[in-house]
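Protein chains in written order, with this note's numbering: chain A, 491 to 708; chain B, 491 to 708.
These are computed hints drawn from the structure, not numbers from a lab. Positions of the beta carbon are idealized from the N, C-alpha and C atoms, including for glycine. Any given hint could be a false lead.
[Claimed, not checked] Computed, partial: chain A to chain B, Cβ under 10 angstroms:
no., residue
1, K539
2, G603
3, Q608
4, R629
5, R662
6, A666
7, F670
8, A680
9, H688
There are 2 protein chains.
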Amino acid sequence: MSGRTAAVQARADSVRNRRLLLRAATEAFAECGVDVSMHTIAQRAGVAKGTVFRHFPTKDDLLAAIMMQLLDRLFETADRLLRADDAGRALKDFMGHGIGLLAADRAFCDVIGKPSLQHADVREAIDRLCDTVEDLTARAREQGAVRGDITGTDIVLLLGGIHQTARPLLDREPQAWERFLEIAFDGLRARGRPALPHPPPAQLRMADPSGVSAPTKT
Amino acid sequence: MSGRTAAVQARADSVRNRRLLLRAATEAFAECGVDVSMHTIAQRAGVAKGTVFRHFPTKDDLLAAIMMQLLDRLFETADRLLRADDAGRALKDFMGHGIGLLAADRAFCDVIGKPSLQHADVREAIDRLCDTVEDLTARAREQGAVRGDITGTDIVLLLGGIHQTARPLLDREPQAWERFLEIAFDGLRARGRPALPHPPPAQLRMADPSGVSAPTKT
DNA sequence: CGAGAAGATGACCGGGGGGTCATGTTGTGC
DNA sequence: GCACAACATGACCCCCCGGTCATCTTCTCG
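Kindly produce the complete structure, drawing on both the sequences and the hints.
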């Protein structure tokens, strides 16, 4: 380890291409969703297809690298809002943030939507995020901002649902989700209403329980 | 036209295969969504791929034929509920019906989700359905069952959204959507709340305004 | 500047999609 | 029962996907 630069020095054009690639992939995934082709991404980055696979062995690796950025940013937001005074406001702000991300990135919707075929990193990041949302929700519940039988999993699920509600309007009215977030949040308050007809959903766990991440020493 | 049977008599095995095909396609689309392959559908029907294309020139034709069945049934339900006394209850029942259909048929979700690349029949059927939902909603609004600034388009959009909310739980808890329908409906009531932050969405029109269906004589 | 290694390239592969068509098969009217 | 039209079949076409690799280019270090 020779101080600043690592032992193996990356070539200048390599790091340049990697940057171009990440930028192009971020944009392409956001616009087109996970089904955008590697060829398209390569074109938008101005490199050949082989170069993409040199930097990211599989499409999943590339997708995971980009999703991790999004998830990390969202996690930071959630973690910061955990320190807010008004827990109800914080929860609603977080939901707005999450829905905004979903509206701006089709690939993010796709990844959140189907838990299959994803990198372990991504799955764990989602789980961490869910944990933080659970805390956010618990605080809102204690402060009476939402009814007592609402869980963090409800909130996580509602993120995708509210975005989906406003999705057909995305082109013409990009802010329409605010309307449906308000409706949903009014439903979450709903003081004096009878108990909800279905029990609270079990917590979503993306990382499979086979002990991939947490070595339980068995 | 020679009474019961048409001038050109269809062969017995042909109508048999057509029936098998429609059954298989209905099931396959419901289970796998619109991306299920024509080969798969042919296999499940017990016929060769060419036979599928003999009965339905393109995949879109087959999909449209099956979606029309669903839409017609849903339209009948909506039309019947229009005659109910309790308009709020009727609206909620209709939403439950629609969400149940979405939960049971992946292709239905896909078709409703993306308005592009669809048959004109399907688009018109969806528009007709939207009109009826508008009526259902107007009655509920007049009876005070939902707040005054809720439109039929809100309801249509919420159908997809509520289903999407419960979708990750579909395998383990197929009825979970009831919970989120209750939350959303509480939000739709929400007496004494401030006005919603975003104006009511414009009515969704699937049939393009180029005058394909309604000859506006221009 | 020269040598060598790291990187970039795009033709190529196997798989799977929707759709076609020459050929073989079968139901039907006379 | 015969002849013919309607029908069924599956090999085939073209396209696009993710991924590979022999070949060529370019950066870097001495």
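Taking the hints in turn, this is what the structure says about them:
1. K539: violated (24 angstroms)
2. G603: A/G603 check passes; min Cβ-Cβ to chain B is 7 angstroms, inside 10 angstroms.
3. Q608: violated (13 angstroms)
4. R629: violated (19 angstroms)
5. R662: holds (7 angstroms)
6. A666: This interface hint holds because 5 angstroms falls under the 10 angstroms limit.
7. F670: holds (7 angstroms)
8. A680: holds (4 angstroms)
9. H688: holds (4 angstroms)
The structure fails to meet hints 1, 3, 4 from the earlier list, while all remaining hints are met.
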